[in-house]
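Sequences and hints are given; from them, build the entire structure.
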Amino acid sequence: MLDLRVPSGLFFLILGAIVLAVGLLQPELRAPLTDLNVNLYSGLSMVAFGGFLLLLSRRATRK
Amino acid sequence: MKLAAVDYVILAVYFAFVIGIGWMLRKRMSTSGDFLLSGRSIPVWITSLAFIAANLGAQELIGMAASGAKYGIMTAHFYWVGAIPAIVFMGIFMMPFYYGSKARSVPEYLKLRFDEKTRGFNALTFAVMTVFSSGISMYALGLLLHLVLGWDFNMSVLASAAIVLAYTYLGGLTSAIYNEVLQFFLIVAGFAPLAILSCQRAGGWAGIVSRLPANMTHSWHYMGSASENPMGVEIFGMVAGLGFVLSFGYWCTNFLVVQRAMAAENMSAARRTPLIGAIPKMFLPFIVILPGIAAVALAQMTGAGGAHLYDLPTKLVDGVVKPDYDQVLTTLMSKFYPAGLLGVGLTGLMASFMSGMAGNVTAFNTVFTYDIYQSYIKKDAPDSHYLMVGKMTTVVGVLLSIGAAYVATMYNNIMDLLQLVFGFVNAPLFGTFLLGMFWKRSTGHGAFWGLLSGTSAAFLTWATTVAEGKGGIFGNLHTFPSTMAQNFWIAIMAFVTCIVITSLVSLMTTPRPDREMEGLVYGLTNIRHDEGVSWYQRPATLAIIVLLLVIALNFWFA
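These protein sequences, in sequence, are chains A and B.
So for the first sequence, this note's numbering puts the first residue at 1; every next one is plus one.
So for the second sequence, this note's numbering puts the first residue at 1; every next one is plus one.
Derived from the structure by calculation, the hints contain no laboratory data.
Only a predicted model underlies this, so the values are computations on that prediction, with no experimental measurement involved.
Check before you lean on any hint, since a few could be wrong.
Covered stretches of chain B (chain A as the covering partner; in silico rule of three or more C-beta atoms under 8 Å from a C-beta of chain A) [to be verified]:
| no. | stretch |
| --- | --- |
| 1 | 10 to 23 |
| 2 | 173 to 185 |
| 3 | 328 to 341 |
The beta carbon of each residue, even a glycine, is placed where N, CA and C say it ideally should be.
See below:
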């Protein structure tokens with residue numbers, strides 16, 4: 001059976017990396033109503049979430 | 001709203017993944033049971049999230065932000081009153097019969113418990129309903145993308161339908177369920193930042209409370225009389241109509257959601273599916289409703305130069321400018337999301353649309369293949385034949401949904417009318433299941449006539465009452481303060497009529513012998529207690545935790 005944690009983990013790693021890259025390369029990018037570098041923080045959290053899913057899946061297969 | 005190249009890249013990555021998941025699952029589809037029922041083998045955390053995501057369509061996301069802006073925190077009643085209690089009831093009391101009876105669908109349960117005509121009535125109305133509801137949501141999405149991004153309506157509708165078709169055709173229900181989980185994560189990733197940013201900008205919850213009328217920030221305080229709260233609903237109509245009849249009717253008998261739990265790997269997992277799903281469900285209002293409420297507060301705040309931070313979107317209706325709440329979500333996104341995250345938010349919106357549509361299509365093909373085709377058209381074919389029919393039905397279901405979307409573009413009123421009619425059919429259904437599962441004396445004739453008379457009662461209630469100029473085609477016995485109150489009362493009347501007529505007709509007809517109903521009715525079913533399962537994995541423990549949490553939320557925002 002396909003372990004869903006692998007494709008979803010990969011998906012969020014890639015998605016997070018793209019958004020994080022925008023946050024790093026264009027740190028001055030802002031939407032009208034916010035002063036934060038939104039891409040940086042959301043990219044980081046998506047990478048963390050993707051990594052977490054992959055970690056769970058690796059631990060499950062090692063058993 | 002303008003998209004940058006990076007936003008399109010994100011959208012493309014997402015499309016590649018959903019189709020890729022379907023592609024990886026395609027080899028496992030060797031029987032009709034694999035394709036239509038997932039072979040009852042999916043882990044519980046996946047079925048639980050799919051259970052919630054199948055219901056989280058684009059209309060829900062757009063509609064809940066819209067209602068948040070229109071009615072305030074009372075909108076959360078649709079979750080805390082109108083969903084959680086029903087979900088808990090379904091997991092604890094109804095799932096043992098669905099899963100234990102080995103029925104492959106909700107209509108098939110009706111066949112096993114009652115008779116052929118009750119199943120036929122339910123299967124047909126359900127099949128028509130799923131096609132039209134996925135068509136309506138496709139229409140809503142196409143319209144929104146056209147309005148917000150200037151995309152071509154035809155292209156948006158056809159492209160998204162093609163992607164849904166690709167992954168459901170390849171991997172059947174398993175693919176739909178797996179993608180629903182991915183879509184659920186993406187919806188959270190795409191919209192949680194909006195809730196956080198908009199709420200923070202509006203001064204936090206305290207800042208919102210200080211700027212909004214009090215009846216928009218309290219969910220229970222103003223429920224005493226219909227005239228005091230923005231929804232125009234009084235407490236009894238809300239709790240009995242929405243919290244009891246409508247929500248139990250939806251969550252406990254709609255095959256679209258029940259199917260997700262039925263795909264679980266064993267009885268205990270099937271019962272835990274709705275209960276575990278209830279936990280993210282009760283926190284969804286913070287993601288889907290809160291931005292709408294914050295939008296109203298932002299619209300009253302001024303920035304540098306005295307300009308409003310945000311203006312509620314408007315539309316022209318018969319020459320009058322009215323607020324267009326359906327655009328609240330997308331306009332907020334453009335105010336808070338820069339290129340990059342905007343792509344994630346938009347992909348989340350597409351994901352919600354796809355999960356809603358795939359949910360409808362996978363429920364449609366199962367009910368059509370097993371309850372209509374195998375029952376009335378071709379009975380004793382080999383399983384490979386039904387696998388082929390299931391796959392063909394998937395294609396036909398998507399095509400019919402596209403057709404329904406175009407019907408909606410031509411006759412907007414017809415869609416309103418259809419939704420009204422479906423409401424009439426759905427309202428009494430929970431009464432039939434309640435009696436069927438918990439009263440062994442109820443009979444097939446009772447169930448059928450109860451359903452028909454309940455549906456008629458719903459129609460008559462609508463035809464003799466008026467709300468916001470709607471209904472009352474046979475006269476006006478009562479005027480409701482809002483169509484929502486009218487809907488709740490239609491459901492109450494239909495449910496009561498269904499219960500009374502089913503009971504009366506059942507008592508006048510011959511009961512079925514007990515031995516034919518083993519596993520189908522309470523009292524004749526040996527519900528296995530969860531021996532060997534640790535206490536925290538038992539359905540009852542979970543149910544108590546869920547109920548305590550939801551009570552706490554209600555008090556918090558009372």
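Hint compliance check: list the failing hint numbers for this structure, sorted ascending.
none
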